[in-house]
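Chemist: Quick note, the sequences are listed as chains A and B, same order. Be aware that the first sequence starts at 1, since it is given in my numbering, and climbs by one per residue. Be aware that the second sequence starts at 113, since it is given in my numbering, and climbs by one per residue.
In case anyone wonders, no lab produced these hints; they're calculated from the structure. Where hints are given, some of them may not hold.
[Said to hold, decoys possible] Only pairs whose alpha carbons sit at most 27 Å apart, straight line, appear in this in silico DSS-like list of lysine-lysine:
hint, chain 1, residue 1, chain 2, residue 2
1, B, 179, A, 22
2, B, 152, A, 22
3, B, 131, B, 179
4, A, 58, A, 69
5, B, 153, A, 111
6, A, 49, B, 153
7, A, 77, B, 179
8, B, 156, A, 77
9, A, 22, B, 183
10, A, 22, B, 134
11, B, 131, A, 49
12, B, 152, B, 183
13, B, 183, A, 58
14, B, 164, A, 69
15, B, 153, A, 58
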Amino acid sequence: AQSVAQPEDQVNVAEGNPLTVKCTYSVSGNPYLFWYVQYPNRGLQFLLKYITGDNLVKGSYGFEAEFNKSQTSFHLKKPSALVSDSALYFCAVNNAGNMLTFGGGTRLMVKP
Amino acid sequence: DTAVSQTPKYLVTQMGNDKSIKCEQNLGHDTMYWYKQDSKKFLKIMFSYNNKELIINETVPNRFSPKSPDKAHLNLHINSLELGDSAVYFCASSRGLAGAYEQYFGPGTRLTVT
């Protein structure tokens, strides 16, 4: 069975400061890892993914994530947060099958 | 030119009724999904279809019946609605079955059962 944990229900950060949203996973075999963002009353939008190769992956809107195999983590980062980044962020894992398993989500609040 | 669209956006109905939600994607994708997001925002897959064939049925009550008339459409019919069915239902699509493909989500259908 595969699972994803997002240990923080909410992350608060001031605009302009760096942000990190944490994600750890459990899966057999090599993981495919994803980050999605959900704005209020909207569907999920794909941000970035790790499949193989460089552990640091870059995605939309200036976000990046670092894959750490030894710590089974895939934390989402951004060097300088914007108020418009405030949203619900989901980490997800797939082990090359067809079933994407999502974490519980982390609400990011960026204050001006 | 919406990539994945769902209708209706809101659905309010009484217990025991039957309702349908429609989904269409214009991305040319082979695989489509239904997800349920509960009131705590937890997302869980319900079904996936590949080229109109059911691939995943994740322990969903048989009151829920998906139907894919063609690759671009995946509809969800729900019989005998219950209070616990209240949730937001998302349709999604991806290029194929392989786990490396990202999924594209529709805007969601908020179902309220009274």
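Chemist: Give a verdict on every hint.
Modeler: Structure-based check of each hint:
Between the alpha carbons of residue 179(B) and residue 22(A) the distance comes to roughly 37 Å, so the proposed pair goes past 27 Å and is violated. Under the criterion of a C-alpha separation no larger than 27 Å, the hint pairing residue 152(B) with residue 22(A) is consistent with the structure, at around 19 Å. Pair hint residue 131(B) plus residue 179(B) holds up; C-alpha atoms about 13 Å apart against a cutoff of 27 Å. Among the hinted pairs, residue 58(A) with residue 69(A) is consistent with the structure: their alpha-carbon atoms are about 17 Å apart, no more than 27 Å.
This hinted pair checks out: residue 153(B) and residue 111(A) have alpha carbons roughly 22 Å apart, not beyond 27 Å. Restraint check for residue 49(A) and residue 153(B): satisfied, since their Cα atoms lie roughly 21 Å apart, inside the 27 Å limit. Simply put, residue 77(A) and residue 179(B) have alpha-carbon atoms about 39 Å apart, too far for the 27 Å limit, and the pair is violated. With a C-alpha separation of about 25 Å, the suggested pair residue 156(B) and residue 77(A) falls inside the 27 Å cut-off, and the hint holds.
A threshold of 27 Å between alpha carbons decides the hint, and for residue 22(A) with residue 183(B) the separation of about 36 Å lies outside it, so the pair is violated. The straight-line distance between the Cα atoms of residue 22(A) and residue 134(B) is roughly 35 Å, outside the 27 Å bound, and the hint therefore fails. This hinted pair does not check out: residue 131(B) and residue 49(A) have alpha carbons roughly 35 Å apart, beyond 27 Å. Note on residue 152(B) and residue 183(B): the hinted pairing is violated, with a Cα-Cα distance of about 31 Å set against a maximum of 27 Å.
The suggested pairing of residue 183(B) with residue 58(A) is violated, with an alpha-carbon distance near 31 Å, which exceeds 27 Å. Restraint check for residue 164(B) and residue 69(A): not satisfied, since their Cα atoms lie roughly 36 Å apart, outside the 27 Å limit. For the given pair, residue 153(B) sits about 26 Å from residue 58(A) by alpha-carbon distance, which is consistent with the 27 Å threshold.
Comparing the model with each earlier hint shows violations of hints 1, 7, 9, 10, 11, 12, 13 and 14; every other hint is respected.
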